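Put chain B on the given structure of chain A with help from the hints.
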Amino acid sequence: MRKIPIAETLIEKMLFIFTVAGSLVIFFVIFYIFSNGLPVLKASGLSFFTTGGWDGQFTSAWTAAPGQEIWRFGAVELIAGTLLTTGGALLVAGLLGMGCAVFLAEFCPPRLRRPVEACVRLLAGIPPVIYGVVGYTTVVPLVQSLISDQLALEMVRICVLDGTSLLAGIMVLGIMITPIFVILATDALETVPLAYKAASLALGVSHWRTIVKIMIPVARRGILAGGIMAAGMAAGEFIAMAMVAGGVAFLPNPAHGLLFFLEPVRTLAANVFINSEVLGKANMESALFACASVILFICIIFSLLAQLINRPNLKGGRSR
Amino acid sequence: MKREMGVGRLFCWLSGILTTSICLGILIYIAVRGAPALNWDFISKSPEMSLLGDGLAGGILSPLLGTLGLVTLGMLLALPWAAAMAVYYAEYAGDNWPAYILRIGNDVLAGVPTIVIALFGLVIFSYPELSFLSIKIEGVENGKAFGRSYLVASITMAVMVLPYVTKSVEEAIMAVSHTYREAAYALGVSKWRTIQKVVLPAAYRGIVSGAVLGVGRIASDVAIVWFCLGATITYSGPENWWQPQNWAATLRSAGNTLSSYIYYASPVGEGNNADRAYGAALVLILMILLLNAVANYVSRLSRIKSRLFNARGAECDGENIIEDIPSRI
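One line per chain: the protein sequences are A and B, in this order. For the first sequence, the positions run 1 to 320 when the UniProt record's numbering is used. For the second sequence, the positions run 1 to 329 when the UniProt record's numbering is used.
Everything labelled a hint here was simulated from the structure, so no lab data went into it. Misleading hints may appear alongside valid ones.
Stated by the list, open to error - Derived CB-CB ranges, DEER-like:
id: 1; chain 1: B; residue 1: Leu301; chain 2: A; residue 2: Val20; range: 34 to 44 Å
id: 2; chain 1: A; residue 1: Phe49; chain 2: B; residue 2: Pro36; range: 26 to 36 Å
id: 3; chain 1: A; residue 1: Pro115; chain 2: B; residue 2: Pro36; range: 22 to 32 Å
id: 4; chain 1: B; residue 1: Leu301; chain 2: A; residue 2: Ala282; range: 49 to 59 Å
id: 5; chain 1: B; residue 1: Pro36; chain 2: A; residue 2: Leu142; range: 37 to 47 Å
id: 6; chain 1: B; residue 1: Val32; chain 2: A; residue 2: Glu117; range: 35 to 45 Å
Model, not experiment: these values are computed from the prediction. Idealized CB from N, CA, C, for every residue including glycine.
The following block holds chain A by itself, in its conformation from the complex (with noise of 0.2 Å):
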């Protein structure tokens, strides 16, 4: 056998390098956020999860007297808006992705295939500041329509109710990570083997339950994978949010009814971006730290869940 010539070899080094620097960043990145977060999650314990207050204790750590910094923070309010508006895009994107995924994949005429799919890569690839610019224009006004001066005016002890609010934040959010899902939907239905499909159309059954019955359960690990990766994106998205959801900590009160949707709330992400002029006061940058800590695992678990999911040696269709 010949011998492998030292070069070939050193290459192969090289890029092994490369490619471990590469891998390894992700743990530098998770090292870092958690390390400058754990000072003021190990003072709140439990605490950051379940008080609230964010803005108050913000302005009086901003104003505290040198010596006495407070480094006990609530954070419920974000992660309630974390949730609440993920959620609802993800229900929102949920709905329209399914029902695009479906479309393009079947019923969606050989012609029409192209533009509709540019459309949605297109759509996916908007920058998210421009959905926030177009958001705050187009829905945020629409949004106040709803709201009666009358309304508005009785609110004004609890909050302000400018448009800003929740509802606008799902719909700016769940139009935003659409694209991404029906991309990724539309793969997974893609990889259902023919056969499948022809047997069930061969046994009489009509296209509409053979796609409910057979196809959607056959894909079922790519979508739902699909869901997550975009459940992912929709829990880091800030800037959007921070545009079109209100800039207030605010905890919808589901007490007050539809009204519920109209309140301000502010994410975890939103509110790294929006307090970042903290930045170098070392407890509130540590607070910062801390729901990126928590935007972080979210979107660690996510995609570990979605990997674990669509990994290749289970059956049905993945994307991919």
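Coordinates of chain B only, in the frame set by chain A:
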């Protein structure tokens, strides 16, 4: 039964139409609102703060150049790195558990939001040892140095896009037919030379689309611009940035990009000048559209070429016909 099918089909058609019309609606809305702001002055002047009137004057020259510079620098760092990783994953790493762990690391990094990566960049570049990368440094009094510059931002951007570009290039390399490699090996060509001369050229369509993906993400990002580039609205570097002796200083200065300018000029930001925000948004969208069109053209070009020069094209045609059957039933 019949009605159930009709309702389902209607729902799918409606969602397809709604998604398409939202996309077109956003594009048309931006075009209509942004077009009046576009003129030569808007493109060729840098933004200025004016205390009178609408607060924000001038054009978008420095954000535009900032976006272009950041995209170029970021991709110069990310593309070779991602290509090396993709080659390793696709050609050298087998199906064993160390490779699996490396891949997981990559996949998890792809799911990390940009705002977290931006904070990570902020921490890394607040070590005083790395402050030589930027001129504008804040927070020195606390033993930290928040360095903010094009160099810092482009390194962070490279980390952000790395997993996406890697994935795209890796898929392209995987898709190269195995017969290509076997033919090269049969001629006695070494592995690396095969990759270099056969596999990578055959996969360049995927490399281009990976690069386009990366460019789009860099151009649309705000978080890293905000935390690592400073997002100053006026340019702070040397006056004559185009002279070679000033390049290093320019790269070490803070700046802004189109995306941060859009935020600044939006009704939410301090500039509060929606017309200019829409003008900048239109320019950004046009850049992204142009980029996608170029990528599309490149991929179509190579498809035509492959149809002309080898049998693979004919093979693809055959596949297409088989794939079309379901829609013809």
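Which of the listed hints are not met by the structure? 2, 5 and 6
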